[in-house]
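J.: Here is how the chains run, residue by residue.
Number of protein chains: 2
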Amino acid sequence: MTVGTTVDKRLARGERSRRVILDHAMDIASVEGLESLSVRRLAAELDLSKSGVFAHFGSKEELQLATVRAAVEVFVTHVVKPARRAPAGLRRVWALADSWLDYAAKPIFRGGCFFLSAVAEFDARPGRVHDAVAAARRDWLRLYEAAVAEAIALGEIVADIDPADLAFELDSIARVAGQDALLFSDAAPYARARRIISARLTVVATAAAPAIPSAPRAP
Amino acid sequence: MTVGTTVDKRLARGERSRRVILDHAMDIASVEGLESLSVRRLAAELDLSKSGVFAHFGSKEELQLATVRAAVEVFVTHVVKPARRAPAGLRRVWALADSWLDYAAKPIFRGGCFFLSAVAEFDARPGRVHDAVAAARRDWLRLYEAAVAEAIALGEIVADIDPADLAFELDSIARVAGQDALLFSDAAPYARARRIISARLTVVATAAAPAIPSAPRAP
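Chains as they are written, first to last, in this note's numbering: chain U, 127 to 345; chain W, 127 to 345.
Bound conformation, chain U alone:
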């Protein structure tokens, strides 16, 4: 029993230190990029031993891949799960856009959405980190498309809309707004994105669709 408890404690401590390392790694990557991560730097900035950090992540690439996986979890917690609480249909499509914009505006990472940075950094480089980032992007687009398709199936969005096109369109507006808000240190792009997405959804909604929260037009 004592041996088991000791092992449990050690595992729990290991999990906590892994968590601390990954939280810091996501923060660095959101500002400076995944290429700025290194075992040496994380150890120095977190006052841990290099061998301790190395025990969790055997190489820079493993560290980058673990950071991408951790960022997917954060994304699911802050964007996907809140949106799933909205009823299926038009309101869930709106909730995906709305949660994404909330997440981008929150001070979760210093450098805004982790994936905006990671996609721009790895889009033109081959390798496992690129593939992990591309898979995360593809999963998100598919989830968004499925929400639109469900709204069409429920008769809340008109049937002549291509679900992948509409999902791409709404997501693009939110993404660029998130990036502009950061670039200009200005929250106005979030309001602009909500206004445009809300107007777009109003146009494609059927007469039977429930109301979605609408944003006022610009003066």
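These aren't lab readings, by the way, just hints derived from the structure by calculation. Take the hints with a grain of salt, since some may be wrong.
Intra- or inter-copy, both count: the list cannot distinguish identical chains.
[Claimed, not checked] Quick list of in silico lysine to any residue cross-link-like pairs, SDA-like style, CA-CA up to 25 Å:
| id | residue 1 | residue 2 |
| --- | --- | --- |
| 1 | LYS186 | ALA214 |
| 2 | LYS186 | SER164 |
| 3 | LYS176 | ALA290 |
| 4 | LYS176 | SER164 |
| 5 | LYS176 | ALA196 |
| 6 | LYS232 | ASP291 |
| 7 | LYS186 | ARG142 |
| 8 | LYS186 | ILE154 |
| 9 | LYS186 | ALA196 |
Please read these numbers as outputs of a predicted model, since none were measured by experiment.
Given the coordinates of chain U, assemble chain W onto it according to the supplied hints.
T.: The following block gives chain W in isolation, referenced to the frame of chain U:
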């Protein structure tokens, strides 16, 4: 006269070497980011002396700023000037989107649109490079907005459209398509962006507006 000719030749040679350095710098920055630029690396990769490169750009920051300025020139040549050849109004708004997508798809830089990378890299960092990138982005959005406002003034786009919102919307769709095309090594996002932008412009066009090239809907 001889002295003048010698000076002219030296200036011309200096301008050529500056051009070669900046072309390579833009290419590196589009793939790996502006932070990957250094006088040492450029000298090594171009087989030039470090002091020769240093004579053109006195610091890493100066090199980064000169690279941003050079990228603005490339952008004007490939996007702004071709679009200006289209008649003012709806067709010029379409031409801006169309030229941007052409430019993103061309192998001008190995890493796709220089500014997609630069914005993501510098959006969360203060400093002169950030400010130069933000200014370039702001200029582009204003130019796009002015083209939409002109189309409204000419009676080709309905008057209840906010020019800045529509410009932002169309540009966002093109930008994210450019990034996805690179990330997935797939040209389909370009076609999707043209389809969405063309449909969007068809909706906001007045009855008096000229036709714009239209893309077929997805099957």
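J.: Taking the hints in turn, state whether each one holds.
T.: Consistency of the hints with the structure:
1. LYS186 x ALA214: neither (41 Å within a copy, 52 Å between copies)
2. LYS186 x SER164: Answer is both; intra-copy 6 Å and inter-copy 22 Å each pass.
3. LYS176 x ALA290: neither (45 Å within a copy, 50 Å between copies)
4. LYS176 x SER164: within (10 Å within a copy, 28 Å between copies)
5. LYS176 x ALA196: This pair counts as within: shortest intra-copy Cα distance 21 Å, inter-copy 41 Å.
6. LYS232 x ASP291: between (27 Å within a copy, 23 Å between copies)
7. LYS186 x ARG142: within (20 Å within a copy, 39 Å between copies)
8. LYS186 x ILE154: both (14 Å within a copy, 21 Å between copies)
9. LYS186 x ALA196: Within one copy only: 15 Å inside, 33 Å across.
The structure does not agree with the numbered hints 1, 3 stated previously, though it agrees with the rest.
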